[in-house]
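Asks: Sequence:
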Amino acid sequence: ALSMAQKTLDFLATAPLDDPDKGFPVRYNYEKKEWSRPDYLSQGQALESFTRAIEKGRGSLDTKSWEEFVETALAYQSKRILSSDWNPVSTNEAFLISPLFRAAKLFDSPHFEEAALKATEHYGERHIDMYEPVQKIKKVLGQHFRHSWLLSSIQET
1 ALSMAQKTLD
11 FLATAPLDDP
21 DKGFPVRYNY
31 EKKEWSRPDY
41 LSQGQALESF
51 TRAIEKGRGS
61 LDTKSWEEFV
71 ETALAYQSKR
81 ILSSDWNPVS
91 TNEAFLISPL
101 FRAAKLFDSP
111 HFEEAALKAT
121 EHYGERHIDM
131 YEPVQKIKKV
141 LGQHFRHSWL
151 LSSIQET
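Everything in the sequence shown is counted per the numbering used here, starting at 1 for the first residue and increasing by one.
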């Protein structure tokens with residue numbers, strides 16, 4: 001099982017990291033031998049798996065390629081999150097919080113921790129009432145215009 005896990009993570013760590021704005025692609029087409037479809041939620045899930053594997057594997061497995069992949073991927077993500085114009089459109093990017101905290105500890109990186117804290121604060125403030133921003137607008141408008149055509153014209157994104 002360890003051998004298979006090593007090979008799998010070694011392969012996943014070859015996903016291209018050439019787009020700092022979108023991160024890395026998360027789907028691989030074996031027939032075409034190409035990666036596609038970057039998305040923050042899946043990246044967060046993948047990075048969570050990588051950071052957990054590094055925590056468990058250091059000392060007994062070769063984690064060098066995983067560590068390089070995680071450090072590069074999270075350097076891109078933390079730079080993006082720490083920029084003054086970061087404004088995520090959904091909760092997808094919240095999946096980056098845990099791997100950022102884990103990587104901050106693994107790599108002794110205050111930069112990763114700062115990004116994780118900023119994202120945590122953002123989502124905490126934004127979702128304390130458990131509504132997405134569009135749902136908040138609908139809720140407020142619904143209190144004033146219960147049967148308004150305006151409510152049905154608001155598109156969820």
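For the record, the hints were derived by calculation from the structure and aren't laboratory data. For each residue, glycine too, the CB sits at the ideal point set by N, CA and C. Watch out, some of these pointers could steer you wrong.
As the list claims (entries may be wrong) - Estimated spans, in silico, between C-beta atoms of each pair: (1) Ser-83 - Gly-124: 14 to 22 Å; (2) Ile-128 - Phe-107: 26 to 34 Å; (3) Ser-65 - Ile-128: 21 to 29 Å; (4) Lys-64 - Pro-16: 30 to 38 Å.
Asks: Of the numbered hints stated earlier in the document, which are not met by this structure?
Replies: 3 and 4
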